[in-house]
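Same order as they appear, the protein sequences are chains H and D. As numbered in the numbering used here, residues 1 to 113 make up the first sequence, in order. As numbered in the numbering used here, residues 1 to 113 make up the second sequence, in order.
I should point out that these hints are in silico values taken from the structure, not numbers from a laboratory. Some hints could be false.
[As the list claims (entries may be wrong)] Derived lysine-lysine pairs resembling DSS-like cross-links, with alpha carbons at most 27 Å apart:
#1 H:Lys71 to D:Lys61
#2 D:Lys49 to D:Lys110
#3 H:Lys9 to H:Lys71
#4 H:Lys14 to H:Lys71
#5 H:Lys71 to H:Lys57
#6 H:Lys57 to D:Lys100
#7 D:Lys49 to H:Lys57
#8 D:Lys68 to D:Lys49
#9 D:Lys110 to D:Lys61
#10 D:Lys100 to D:Lys61
#11 H:Lys71 to D:Lys100
#12 D:Lys100 to H:Lys9
#13 D:Lys110 to H:Lys9
#14 D:Lys100 to D:Lys49
#15 D:Lys61 to D:Lys49
#16 H:Lys57 to H:Lys14
#17 D:Lys100 to D:Lys68
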Amino acid sequence: NAGVTQTPKFQVLKTGQSMTLQCAQDMNHNSMYWYRQDPGMGLRLIYYSASEGTTDKGEVPNGYNVSRLNKREFSLRLESAAPSQTSVYFCASSEGGSLYGYTFGSGTRLTVV
Amino acid sequence: AQSVTQPDIHITVSEGASLELRCNYSYGATPYLFWYVQSPGQGLQLLLKYFSGDTLVQGIKGFEAEFKRSQSSFNLRKPSVHWSDAAEYFCAVTTSGTYKYIFGTGTRLKVLA
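The shape of chain H in the complex, shown without the other chains (with noise of 0.2 Å):
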């Protein structure tokens, strides 16, 4: 069972470059998620798809945007890359909401330079 599979694994972006992170899951789950993770900080929400075809903010949403492309995919794109938003980047699915537990990728670790 793959679960959740993001790509790439690693990148290095310059500063201003734009970059799209992959994700998708293949237990039929409705619901995904984007995560960055900072030292310290823990795991942040970036945006959600609650269900195909909506999408909503979470908590730090700025200078990233998402596409729920179908049920099983979810993107993120950094249209102009900034080195803040060096990070690991999570994908994470799960039948509904949050009372379900979610199933996590195994990250991306994104440098900007």
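Assemble chain D onto chain H, guided by the hints.
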């Protein structure tokens, strides 16, 4: 304000010793509590969750947690730690009808052989 506090940033125990990781929460609505574990280089994995009923809940990998409403705590325990338990542990709180967690900042566990 809603928050989750994990007072211990780092904990070191010897293999075979017992373990208790602390979690305190402040939440206005009925809390639903979770513990997740993150092994190095991996995403988070759900260990256990508490919704209601018996205040002692069992999870995977031999972990258990006790909910104490009077102390606003949800501490994670394991009777005998194995070297493979070395990881970072996150406590989280949510409520019904939402897609968002509040995560603690994590406790990093080191296990001595």
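* **Hint check, failures only** => 1, 4
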